[in-house]
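2 protein chains.
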Amino acid sequence: MGFREHLQDVVRSVDGAVACSLMGMDGIEVDTHLTDELGLDLKSLLVEFSTLFHGARAAAADHEAGAVSELSIQTERLLTVARLVSSEYFMVAALRPDGNFGKARYMLRITAPKLAAEL
Amino acid sequence: MGFREHLQDVVRSVDGAVACSLMGMDGIEVDTHLTDELGLDLKSLLVEFSTLFHGARAAAADHEAGAVSELSIQTERLLTVARLVSSEYFMVAALRPDGNFGKARYMLRITAPKLAAEL
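These protein sequence lines map, in sequence, to chains A and B.
For the first sequence, my numbering gives the first residue as 1, with consecutive numbering after it.
For the second sequence, my numbering gives the first residue as 1, with consecutive numbering after it.
Chain A extracted, bound-state conformation (with noise of 0.2 Å):
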């Protein structure tokens, strides 16, 4: 499989998932699949969310926490869920605000090696 392929196994098995992007830790997208049901510009807060990522590491790293291996997000309108891929790349799915937070984590944990072993 792809990426894309991958990315869509990821929306197609979770319950309420809208998006899932590999993304560089420079906020800029490598490949997406977009249902596009929410309304909101998704891709653009994608990249806002990188920068997060970015300073989580920045963070964990200042104070010895060790690396970041996954962050998310619960807005009233969105659940995003970013996990680490390799050091230079991140994936994230988003869910509408009722989908399933624990199954995003478990599909992105099994999915991220499959798509750091193509990268």
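Be aware that a few hints might be false.
Identical copies go unnamed one by one, so any copy, or any two together, can satisfy a pair.
[As the list claims (entries may be wrong)] With a straight-line cut-off of 20 Å between C-alpha atoms, the simulated EDC-like cross-links for lysine to aspartate or glutamate are: (1) 43 <-> 29; (2) 103 <-> 5; (3) 114 <-> 64.
To be clear, the hints were calculated from the coordinates, so they are not data collected in a lab.
Keep in mind the model is a prediction, meaning the values are calculated, not measured.
Here the structure of chain A is known, so what remains is to put chain B in place on it, guided by the hints.
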């Protein structure tokens, strides 16, 4: 119960929890219950993570994703879960990486309104 008792209650109720704080959105701590088992400078790390909460709020607001209710960060040595208490305050629990994440989210969800009522 006062703030401290609520924070203690979270730490006591969640397997693997080592600290729970009530923080201002400006990163200033209101109160903390800390068991200090990790050998990390947890308090200053939590202050840094409050900057991330702030950043997530700004990003979500800019993109009409609504208020940020929860933020979680998993690192190699620490799992933190933060939850909005009011527009100016949030609470954050720190767990060992193998701590009970689901229980922490649940405890913050039921404890945040109790803290809000005392602010």
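Results of checking the hints against the structure:
{"no.": "1", "hint": "43 <-> 29", "verdict": "within (8 Å within a copy, 34 Å between copies)"}
{"no.": "2", "hint": "103 <-> 5", "verdict": "within (18 Å within a copy, 33 Å between copies)"}
{"no.": "3", "hint": "114 <-> 64", "verdict": "neither (28 Å within a copy, 33 Å between copies)"}
Of the hints listed earlier, the one the structure fails to meet is number 3.
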